[in-house]
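A.B. asks: Heads up: the sequence lines are chains X and Y, in that order. Sequential numbering from 1 applies to the first sequence in the working numbering. Sequential numbering from 1001 applies to the second sequence in the working numbering.
No lab work stands behind these hints: they were computed from the structure. Take these hints with a grain of salt, some might be off.
[As the list claims (entries may be wrong)] So these bits of chain Y aren't anywhere near chain X, every CB distance computed over 10 Å:
1. N1054
2. L1068
3. A1070
4. G1084
5. H1103
6. T1107
7. D1110
8. A1113
9. A1117
10. S1118
11. R1256
[Claimed, not checked] Among the chain Y residues that face chain X by a calculated CB cut under 7 Å, a handful are:
12. T1077
13. G1080
14. F1088
15. A1095
16. W1114
17. P1122
18. L1289
19. L1291
20. Y1292
21. E1293
22. L1294
Note that this is a predicted model, so its numbers are computed, not measured. Every residue, glycine too, gets a C-beta built ideally from N, C-alpha and C.
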Amino acid sequence: MSQTLAPVRGTAGPPAGLSRVFTAAVRSEWIKLRTVRSTIWALVLTIVFTISLGAIFTAIEVSRWDTRSLSEVKGFDPLLYSFAGLNLAQLSIGVLGVLVMTSEYSTRTIKLTFGATPQRTLLLAAKVATFSAVVAAVGLASCFAAFWVGQALLAPKHAGLSIADPGVLRAVIGGAVHLVLIGAIAVALGAAIRRTAGAVAVLFAVLLVIPGLVTLLPAPWNDDITRYLPNSAGAAMSAVARFPNLLTPLGGLIVLCAYTAATLTLAAFALTRRDA
Amino acid sequence: MTIAGAGGQAGSCRGTRPVIEVRHLTKRYGPVLAVDDLSFTVAAGQVTGFLGPNGSGKSTTMRMIVGLDAPTAGQVTVDGRGYGQLRFPLRAVGALLDAGAVHPGRTARDHLAWLAASNEIPRARVDEVLGIVGLAGAARRRAGDLSLGMGQRLGIAAALLGDPPVLIFDEPINGLDPEGILWVRKLLQSLAAEGRTVLVSSHLMSEMALTADHLIIIGRGRLLATGTVAEFIERSEGHHVHAQSPDAGPLLALLRQQGATVTADGPEGLSVTGMESRDVGIIAARAGLTLYELTTQRASLEDAFMELTREHGEYRAATPTTAGIAA
């Protein structure tokens, strides 16, 4: 049983640049993500829910097509119903993003992770990059599928959009970008808060509770504030029609990127300042 | 053998080049001073035992060596560099700090695979170390399903993964059966024989006496003693004579008269130092005092360790009767 090891090699081999450390950390994080079954299931369910909720809400709208009010008809965004599932998808992606960090603390593998990659900011970047790439793939698959299913249901009413119509490709990709940025924010929250329950609570407060409370404020405050909330900023990227409580797609992207940058900075600060 | 003075001077080590250097290391968690101006060095080619009672700061020190916790003051270097400066540190320093630090849903092989990938360690090395620790057959089992002992072996495999010249093990025999303990002992010694630097912590003096060549003993975060195991054994070779007598009172007075150091040990017991059991027996017989027990008790290494750390344990039982434990 007690085999002897190979003779001692020279310490650490050739000095590696930080880009090599980053690439290795990304490979490592990719293995971590795909070797836990719950991750795979959560991602599969995210795709399924995004597509099926979009289909259900589009079908409901089609079924009451001729009884809609004039204002409903005027403000109709054929993509809005296709992307109804994004509301749920951002939550499941958000919880997964939180777990990317907090599961390391709850299982204490964070000690091994930081022991293997003591460059903590670089490690956070590797985690965000890896998770974002996965979410981008899942998000694009979900959004394109939801788009095609929804528009196919609208086709009999001649209300469906083509991917070549103005703003449509941008909106479909925007839906995926929305998920990627919410995912990155969630990873950052997990790193800053460390506990799954706490980080998920903050995430849900930001995505669900605060938007609901803001709508209770008197006009014009409600719309003015809502525009700048993370989920509204994200929704602005995936809308084709213009809504009074949404920014422009570019405005939405900028606002959501700003939230992401701010939370990631906070996370990097927390990771480097605190003991593991 | 060096017993640290109040200044906490650096512990010496056998002539070889120091690899791990701990200098005036201090760690404070709020009001608790976990490590207090600790200085020592660890040399290559030998097993260095890091001993101390529970809560004496061993784990905290090890966490600071591998950069998990930042020192409040002082510094620690491995091969002259701080751990945080290392690129792919698993190839330089292998550490087992917490064998329970695994994702329960990941297989043993996948657990090692992500670690290997993070430091550009070839994938083939994963199965190699699983073989070394005797877990080849459990490679596909989930870490959460492994027994305590198998989990410990997986932690050791993770430390060996980068084939590092420096190895740090925090209480590696926890949860192992006797065969496993023997295996760890041989493994540590063979790693040291290959020229590696091996630092292993324990709260068991007896285990360290069998495993280590050199000892660093701490209590309450401070250095208490350093030296070779041989020196420590030599120092602890004191003994005393235990006597039981219904006439304990008069016998105590008589023995003191004859120059022995005597203390009462129970209602009828006496603990005698500075006199052989033969002389105690003769003196009692001549005075007509009854003896119903007369034994020479050699102090064990554990006793010497206890004596050294008595004032330094964080938690102690209400009545620390060391003789009872040693017997």
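A.B. asks: Determine for every hint whether it applies to the structure shown.
C.D. replies: Evaluated hints:
1. With a minimum CB-CB distance of about 19 Å to chain X, N1054/Y clears the 10 Å threshold, and the non-interface call stands.
2. Separation of L1068/Y from chain X is inadequate, the least Cβ-Cβ distance of about 4 Å not exceeding the 10 Å criterion.
3. The beta carbon of A1070/Y is not kept farther than 10 Å from every beta carbon of chain X, the shortest such distance being approximately 6 Å.
4. Not every Cβ of chain X is farther than 10 Å from the Cβ of G1084/Y; the closest lies at roughly 5 Å, contradicting the non-interface assignment.
5. Not every Cβ of chain X is farther than 10 Å from the Cβ of H1103/Y; the closest lies at roughly 5 Å, contradicting the non-interface assignment.
6. For T1107/Y, the requirement that its beta carbon stay farther than 10 Å from each beta carbon of chain X is not met, with the minimum near 7 Å.
7. Residue placement check: D1110/Y does not keep its beta carbon more than 10 Å from all beta carbons of chain X (closest about 4 Å).
8. Its beta-carbon lying about 5 Å from the closest one in chain X, A1113/Y breaks the requirement of being farther than 10 Å from that chain.
9. With a minimum CB-CB distance of about 4 Å to chain X, A1117/Y fails to clear the 10 Å threshold, and the non-interface call is violated.
10. Once the 10 Å rule is applied to beta carbons, S1118/Y is inconsistent with being away from chain X; the minimum gap is 4 Å.
11. The claim that R1256/Y lies off the interface holds: its Cβ sits roughly 55 Å from the closest Cβ of chain X, which is beyond the 10 Å cut-off.
12. Among the interface hints, the one on T1077/Y is violated; its C-beta lies about 13 Å from the nearest C-beta in chain X, farther than the 7 Å criterion.
13. Given the 7 Å rule on beta carbons, the hint for G1080/Y is violated: about 10 Å separates it from the nearest Cβ of chain X.
14. Satisfaction of the interface hint for F1088/Y is found here, the shortest Cβ-Cβ separation to chain X being roughly 6 Å, below the 7 Å cut-off.
15. Proximity of A1095/Y to chain X holds as hinted, the smallest CB-CB distance being about 6 Å (cut-off 7 Å).
16. Interface restraint check: W1114/Y against chain X, minimum CB-CB distance 4 Å, threshold 7 Å, status holds.
17. Taking 7 Å as the C-beta contact cut-off toward chain X, the hint placing P1122/Y at the interface is violated, the least distance being around 12 Å.
18. With a cut of 7 Å, the hint placing L1289/Y at the interface with chain X is violated, because the nearest CB-to-CB distance is about 57 Å.
19. Of the supplied interface hints, the one on L1291/Y is violated, with its beta-carbon coming no nearer than about 50 Å to a beta-carbon of chain X, more than 7 Å.
20. With its C-beta approaching chain X no nearer than about 50 Å, Y1292/Y sits outside the 7 Å limit, and its interface hint is violated.
21. Using the Cβ-Cβ criterion of 7 Å, the hint placing E1293/Y at the interface with chain X is not satisfied: the shortest such distance is roughly 45 Å.
22. Checking L1294/Y against chain X: minimum C-beta separation of about 45 Å lies over 7 Å; hint violated.
Checked against the numbered hints given earlier, this structure breaks hints 2, 3, 4, 5, 6, 7, 8, 9, 10, 12, 13, 17, 18, 19, 20, 21, 22; the rest are met.
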